[in-house]
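Once you have looked at the hints, place chains F, X and D on chain R.
Residue numbers (the numbering used here), protein chains in the order written: chain R, 135 to 308; chain F, 135 to 308; chain X, 135 to 308; chain D, 135 to 308.
Watch out, some of these pointers could steer you wrong.
Which copy is meant is left open, so a pair is good if it fits within one copy or across any two.
Stated by the list, open to error - Below, in silico cross-link-like pairs of lysine-lysine (DSSO-like), each with a Cα-Cα straight-line distance of 27 Å or less:
#: 1; residue 1: Lys-304; residue 2: Lys-145
#: 2; residue 1: Lys-238; residue 2: Lys-287
#: 3; residue 1: Lys-287; residue 2: Lys-235
#: 4; residue 1: Lys-238; residue 2: Lys-195
#: 5; residue 1: Lys-304; residue 2: Lys-235
#: 6; residue 1: Lys-304; residue 2: Lys-237
#: 7; residue 1: Lys-304; residue 2: Lys-238
#: 8; residue 1: Lys-195; residue 2: Lys-145
The hints are simulated quantities; they were obtained by calculation from the structure and are not laboratory data.
4 protein chains.
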Amino acid sequence: MITIISGTHRKDNLTITFSNYYLNSIKQKGEEVQLLDLRTLPSGFFQDNSIFGTTSEEVDKLLKTYFVSAEKFIFVLPEYNGSFPGIVKMLIDSIEPSVFKGKKAALVGISSGRAGNLRGMEHFTGILHYLDVHVLPYKLPISRIFTLMDDSKTIVDDETLRVMELQIEKFIRF
Amino acid sequence: MITIISGTHRKDNLTITFSNYYLNSIKQKGEEVQLLDLRTLPSGFFQDNSIFGTTSEEVDKLLKTYFVSAEKFIFVLPEYNGSFPGIVKMLIDSIEPSVFKGKKAALVGISSGRAGNLRGMEHFTGILHYLDVHVLPYKLPISRIFTLMDDSKTIVDDETLRVMELQIEKFIRF
Amino acid sequence: MITIISGTHRKDNLTITFSNYYLNSIKQKGEEVQLLDLRTLPSGFFQDNSIFGTTSEEVDKLLKTYFVSAEKFIFVLPEYNGSFPGIVKMLIDSIEPSVFKGKKAALVGISSGRAGNLRGMEHFTGILHYLDVHVLPYKLPISRIFTLMDDSKTIVDDETLRVMELQIEKFIRF
Amino acid sequence: MITIISGTHRKDNLTITFSNYYLNSIKQKGEEVQLLDLRTLPSGFFQDNSIFGTTSEEVDKLLKTYFVSAEKFIFVLPEYNGSFPGIVKMLIDSIEPSVFKGKKAALVGISSGRAGNLRGMEHFTGILHYLDVHVLPYKLPISRIFTLMDDSKTIVDDETLRVMELQIEKFIRF
Chain R
135 MITIISGTHR KDNLTITFSN YYLNSIKQKG EEVQLLDLRT LPSGFFQDNS IFGTTSEEVD
195 KLLKTYFVSA EKFIFVLPEY NGSFPGIVKM LIDSIEPSVF KGKKAALVGI SSGRAGNLRG
255 MEHFTGILHY LDVHVLPYKL PISRIFTLMD DSKTIVDDET LRVMELQIEK FIRF
Chain F
135 MITIISGTHR KDNLTITFSN YYLNSIKQKG EEVQLLDLRT LPSGFFQDNS IFGTTSEEVD
195 KLLKTYFVSA EKFIFVLPEY NGSFPGIVKM LIDSIEPSVF KGKKAALVGI SSGRAGNLRG
255 MEHFTGILHY LDVHVLPYKL PISRIFTLMD DSKTIVDDET LRVMELQIEK FIRF
Chain X
135 MITIISGTHR KDNLTITFSN YYLNSIKQKG EEVQLLDLRT LPSGFFQDNS IFGTTSEEVD
195 KLLKTYFVSA EKFIFVLPEY NGSFPGIVKM LIDSIEPSVF KGKKAALVGI SSGRAGNLRG
255 MEHFTGILHY LDVHVLPYKL PISRIFTLMD DSKTIVDDET LRVMELQIEK FIRF
Chain D
135 MITIISGTHR KDNLTITFSN YYLNSIKQKG EEVQLLDLRT LPSGFFQDNS IFGTTSEEVD
195 KLLKTYFVSA EKFIFVLPEY NGSFPGIVKM LIDSIEPSVF KGKKAALVGI SSGRAGNLRG
255 MEHFTGILHY LDVHVLPYKL PISRIFTLMD DSKTIVDDET LRVMELQIEK FIRF
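Next comes chain R alone, as it looks inside the complex (with noise of 0.2 Å):
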């Protein structure tokens, strides 16, 4: 089962459409594949889960759907103040560690800017390493976002559409 975990809790985002692009594709390759939407949360969860020793069931069942029983995570992470939100390494740290251990990661930065959320995606390596998860080398960052997508806010670009179908494709094989 692979997870792509959408990494804002932002209520208008355009994250989520890249999480979709990358949803449907897999799904469509045949794929067990499942959606995160950080913005779908339980408004406890951060108070709320076994790393602080107080845990519900609602919490406990969105961690084992999503994460314990997930072999691999596409983490899809825009750009906030030069890095990814906060809210993805909150979640992180909500999690045991041990649930991460030797499974496998593939990285989408997305930024209105230049640089597609590269030092972000540098960072989130660190930390998949630390906790000895198996990072694709072949991390996509997306950058000027807007000029990318039609305004029904489907994705035109030809050049990003190829590059996201062979992330897929290596992330598959990997």
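Quick look at chains F, X and D alone, frame taken from chain R:
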């Protein structure tokens, strides 16, 4: 005004011991200094702030007191999963970036292991530089913290006391 | 005295074009400034210096002129294999570390691709901070350099000229 | 074939002691393995290679033997000025990037201080990922190396021996 940020909201933590050391030492040197303990953030903090377009008076006042009116920051950063805690970045993500422009910061890494959160301080430097904050080159990795305190959680290790004082002196002149 | 280090020893390189821009612009502002073009290092440089216990007069003089007597450095760093060139670190490794203590540096990243050697500037910041060098937060990633010049290799892109001048002003005041 | 790169050209160094440990242990496990000691690079190496358009037979043969024909690499990286030695990156800069594509690497950090060249291994991971090299998440920071050996420079520290063996096992299965 110097604001010290004690970088975790875990109930039981030793980061606060080091944060308090900095607070008291700087106070004794006659500088204006205050402490923000992340355990005391109002529960609605991350849903309710200017970035997300919904401010409360409580959050507004907190940001003004600890960030707008401070010129210098000391971030005391424990190591969680190989970097600094997600809540610290979530705090940064909640603040209008221009608040930080041209200000100054020092970093203290805290870990029970060997490397004193060296990686977390590297990551945080990248974020601070992005925000146009000047970072004191002398960053302090404090390791094996359990060996540095006595039973009453007073820091008694001479070398640790010496380097904290050295960093404080450098930061006051910075 | 400001020393500009043009960070490559490849015969044909465009890094020198940007290094020369900084040299001339700073000179015109009335500051003392000099250029070290790494193509001009004496051939025995890396075998023959104080760190390795065998100094020649030539190498000694070079280190004194460009490093000991300078208070500020601008490192112009092309992107080779996802970071700055090895020769730049080899140069640093050849110099007594105390030479850098308390001095100041600005970083310029140069790439034919998109990210302007962002990663290389991150790495180099870690090294400079280790050496107790103050790093200007405003680092300049210059990308797609072939699109910024005319046929005579004069930099003609208005936005690039604007941000280089901005960085120079910040660095003179730094 | 596994190539171990002993990452320094200083005459007297202890990195070679650890590199030799890896060489012998892997040999005993029946794997094909060879050592490249950077002290033995031909003197013209950095002026005379394919990247710079001037190859000699000697350099050509060296690159084929140690890089083209190897599938896996172990980089043993001492800490110089807060990161790995410049000569290691200069070596990488001298090799056609496609040689590394899809291959695998493990990293060992060596320092006389506390952090076992953690920062250098982070930097090098960024470079290897850029080159599409898979990096073993289990990176080994070896610190305070003078305390790990006896007078004959044999590594005698039990914990160090244990984690080196653990890394070797992981890398052979990688």
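Hint check:
In this homomeric assembly, Lys-304 and Lys-145 never come within 27 Å of each other (Cα to Cα): the closest approach is 31 Å inside a single copy and 37 Å across copies. In this assembly of identical chains, Lys-238 and Lys-287 lie within 27 Å of each other by CA distance neither inside one copy nor across copies; the values are 29 Å within and 38 Å between. With identical chains, the CA atoms of Lys-287 and Lys-235 are never at most 27 Å apart, being 36 Å at best within one copy and 33 Å at best between copies. Taking the closest pair of Cα atoms, Lys-238 and Lys-195 come within 27 Å of each other only inside a single copy of the chain (21 Å); across copies the shortest separation is 36 Å, beyond that limit.
For a Cα distance limit of 27 Å, the shortest separation of Lys-304 from Lys-235 qualifies both inside one copy, at 21 Å, and across copies, at 13 Å. When the C-alpha separation of Lys-304 and Lys-237 is checked against a cutoff of 27 Å, the pair qualifies both within a copy, at 15 Å, and between copies, at 14 Å. In the homo-oligomer, the alpha carbons of Lys-304 and Lys-238 lie at most 27 Å apart both inside one protomer (12 Å) and across protomers (15 Å), since each shortest distance falls under that limit. In this homomeric assembly, Lys-195 and Lys-145 come within 27 Å of each other (Cα to Cα) both inside a single copy, at 24 Å, and across copies, at 24 Å.
In summary, the numbered hints that this structure violates are 1, 2, 3.
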